[in-house]
Amino acid sequence: MALLAKRVRKNWGLYVLISPVIAFFILFEYVPMYGVQIAFKNFVAVKGIWGSPWAGFKHFERFFASYYFWRLMKNTLGIGVYQLLVGFPVPILLALAVNEVRSKKFSRFVQTVTYAPHFLSTVVMVGLLMIFLSPQTGLLNKAIVLFGGEPIPFLTEPAWFKTVYVFSGIWQQMGWSSIIYLAALTGIDQQLHEAARVDGASRLQRIWHINLPGIMPTIIVLLILQIGSIVGVGFEKVYLMQNSLNMPASDVISTNVYRSGILGAQYSYSAAVGLFNSVINFILLVTVNRIARKVSETSLW
Amino acid sequence: MNNVTAADKTFDAIVHISLLILSIIVLYPLVYVLVASISSPEAVLRGEVWLWPKNLTGVGYAKLLQNREILTGYGNTLLYTAAGTAVNLAMTIAAAYPLSRKDFVGRGAITAMMVFTMFFSGGMIPTYLLIKQLGMLNSAWAMIIPGAVSVWYIMIMRTFFQNGIPYEMQEAAAMDGCSNMTILLRIVLPLSMPIIAVMLLFYSVGHWNAYFSAMIYLSDRDKYPLQLFLREILVQGEMTEMLGVGDDTNAKNMLDAEAIKYAAVIVANLPVLMLYPFLQKYFVKGVMIGAVKG
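Top to bottom, those sequences are chains U and X.
The numbering used here numbers the first residue of the first sequence as 1 and each following residue consecutively.
The numbering used here numbers the first residue of the second sequence as 1 and each following residue consecutively.
No lab work stands behind these hints: they were computed from the structure.
Be aware that one or more of the hints could be misleading.
Quick list of in silico lysine-lysine cross-link-like pairs, DSBU-like style, CA-CA up to 35 Å [to be verified]:
| # | chain 1 | residue 1 | chain 2 | residue 2 |
| --- | --- | --- | --- | --- |
| 1 | U | K294 | X | K285 |
| 2 | U | K10 | X | K102 |
| 3 | U | K105 | X | K285 |
Label pairs and their calculated CB-CB ranges [as the list claims (entries may be wrong)]:
| # | chain 1 | residue 1 | chain 2 | residue 2 | range |
| --- | --- | --- | --- | --- | --- |
| 4 | U | R259 | X | K9 | 55 to 61 Å |
| 5 | U | L245 | X | T10 | 33 to 39 Å |
| 6 | X | W52 | U | A65 | 56 to 62 Å |
| 7 | U | A65 | X | L189 | 55 to 61 Å |
| 8 | U | R197 | X | C178 | 48 to 54 Å |
| 9 | U | V145 | X | W52 | 18 to 24 Å |
The structure presented is a predicted model; accordingly, all values stated were derived computationally and were not measured.
Even for Gly, the Cβ is constructed at its ideal location relative to N, Cα and C.
Kindly generate the complete structure, drawing on both the sequences and the hints.
Okay, structure coming up:
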C-alpha cells in the first residue's frame with residue numbers, strides 16, 4: 001500500500017498530464033451514457049434529464065409497434081449484412097494479390113491509386129455518385145445507353161440503394177482496408193515459402209496454405225469488429241444518399257434517430273431508438289467475440 | 001527464379017492484369033472529374049470528354065470562387081482543422097505517454113475505461129443534449145471539443161511509445177534527475193516524429209472532411225465548414241446564388257451547374273491531393289504500427 005502510494009506520488013506529473021483526457025472521457029462519453037436514461041423518461045427541457053418524470057418502456061413499446069420498426073430493422077440489417085458479405089473479402093483478396101506482385105514499382109502504383117479515394121470526404125463521395133450515376137448526364141448511364149440499354153435511376157430506385165451503397169464503399173475503402181492485411185503478410189516467415197517451394201507447391205497452394213492461415217488472426221479480429229458494428233451502419237453516407245424516393249430502402253435506425261430526435265425534437269423517443277441500436281451492437285460484439293475465442297483462440301479480449 | 005513453371009506465369013499474368021483493371025476502375029472517376037472540371041460544360045454533357053480536356057475553360061472555378069460562402073467555408077474549415085488537430089495531438093500524447101509507462105499505476109483501469117467507449121456509447125441524442133447544455137451549440141467549440149481525442153489513435157501512439165522508445169533510456173534520464181515532463185519533451189517526443197506526422201495527417205484529414213457535427217451543431221451559415229456548402233452544391237444541387245438567376249437562360253444555368261460541381265470536387269480536395277504523394281509513406285507506416293498490436 002505504502003509502496004503503491006509512493007509510486008503514484010513519484011509519477012504525479014503523469015497523472016496531471018492524463019487528467020484532461022480522463023475528464024474528457026467522463027464528460028463526453030460517460031455523461032451521455034448516464035443521459036441515456038431519458039429513453040425511459042418523458043423529457044421536459046426545463047426540468048432537465050434528471051428532473052423529467054419516468055415513463056418506463058413507453059418509448060420502446062411505441063417504437064416496436066410502429067410501422068417503421070420492421071422497415072428500419074430490415075434496412076439496417078440488410079445493408080450491414082450485404083456490406084459484410086460482399087465488402088469484407090475484397091480487401092483480403094486485394095492484399096493477397098498485391099503481395100504476389102514482385103515489381104516494387106507496380107505494387108506501389110496499385111497501392112497509391114487504391115488508397116486515394118479513402119481521403120475523399122463522404123460529401124464528395126456522394127457527390128461523385130450523383131455525378132456518375134445521374135440518369136441523364138451520368139457517365140455510367142451514358143455507357144449503358146451506348147451499349148443499347150435503358151438508363152437506370154440508381155439513386156432514386158429503392159432496389160438499387162443497397163448495391164450502390166455497398167459497391168461505392170468498396171471502391172472507396174478497399175485499398176485502405178487492405179493495408180492492415182499487407183502488414184500481416186509481411187510478418188509471415190519466408191522460410192515457410194522456401195520449404196513449400198522445395199516441396200513443389202504452386203503459387204496458389206502457397207497462398208492458400210501459408211499466406212491465408214498467416215493472416216487469419218487479423219482477419220478474425222477485423223471480422224469481429226465488423227460484425228459488432230453491423231447494426232451501426234454509418235449515418236453519414238446513408239443520410240447523404242437518402243431522398244424521398246429511395247426512402248423505403250434507405251431509412252436506417254441512425255437516420256431515423258436524427259430525423260425524429262434532432263430535427264423533430266422527440267428526444268426521449270429517439271434516445272430509446274438509439275439505445276436499442278447500441279445494445280444490439282454491443283450484444284452482437286460480445287457474442288461474436290465469445291464464439292471466435294472458442295473456435296479459433298483469437299479474440300478481441 | 002530458374003524453375004518458373006508455365007502455371008506460375010499464367011498466375012502472374014492474371015494477378016497483374018486484375019490489379020491493373022482494378023487500378024483503372026479506381027483511378028478513372030478521379031481523372032474524369034479533374035478533366036471535366038477544366039473542359040467546357042457543353043462538351044462534357046455531350047459526352048465528348050473521356051480522358052483529355054476539351055475546349056479548356058475555368059468557368060466552373062470562376063463561378064465557384066465568386067461565391068463568398070465558399071471562401072468563408074474554406075476559412076472556417078482551415079480554422080477548425082488547425083485548432084482541432086492541435087487539440088487532438090496534445091490530448092493524444094497526454095493520454096498515450098502515461099499509458100505507455102509500465103510504472104504508471106492505474107493504466108489498466110484507465111485503458112479499460114477508454115476502450116469501453118469504443119463499443120458502447122450514449123448515442124446521438126444524449127450527446128446532443130449535453131452539447132446544448134454546455135452552451136456549445138452553434139459555436140466553433142462544438143467542432144473541436146467533442147471530438148478532442150480518439151481512443152484508437154491513443155492506442156496506436158501508446159504502442160509506438162512502448163515498442164519504439166527504449167524504457168531503459170527513460171529510466172536513465174530519470175536517474176539523472178529529469179522529471180517526467182522533461183523526459184517526454186526532450187526524449188520521447190523528438191524520437192516520435194514519424195508517429196506524430198501520421199497522427200497529424202489522420203486527424204487533420206478527419207477535420208477537413210467532417211460534416212456531421214457541423215450539420216448537427218451549427219446553425220449560422222457564416223460558421224459552416226466547407227463540407228456543408230459542398231453538400232448543398234453536390235448533393236442537394238442548390239447553387240442559385242452562384243448561377244446568378246435572372247440574367248441567364250435555363251440551359252446555360254444547367255451547364256454552369258454541372259461545371260460548378262466538378263470544380264467543387266477538385267477545390268474541396270486540393271490540399272489533400274497536393275500533399276498526398278508526400279504523405280503516402282507516412283500513413284502506410286502509421287496503419288502498420290497500429291496493426292502490430294491493437
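Now the hints, each set against the structure:
{"no.": "1", "hint": "K294(U) <-> K285(X)", "verdict": "holds, 33 Å"}
{"no.": "2", "hint": "K10(U) <-> K102(X)", "verdict": "holds, 13 Å"}
{"no.": "3", "hint": "K105(U) <-> K285(X)", "verdict": "holds, 18 Å"}
{"no.": "4", "hint": "R259(U) <-> K9(X): 55 to 61 Å", "verdict": "holds, 57 Å"}
{"no.": "5", "hint": "L245(U) <-> T10(X): 33 to 39 Å", "verdict": "violated, 47 Å"}
{"no.": "6", "hint": "W52(X) <-> A65(U): 56 to 62 Å", "verdict": "holds, 59 Å"}
{"no.": "7", "hint": "A65(U) <-> L189(X): 55 to 61 Å", "verdict": "holds, 57 Å"}
{"no.": "8", "hint": "R197(U) <-> C178(X): 48 to 54 Å", "verdict": "holds, 52 Å"}
{"no.": "9", "hint": "V145(U) <-> W52(X): 18 to 24 Å", "verdict": "holds, 22 Å"}
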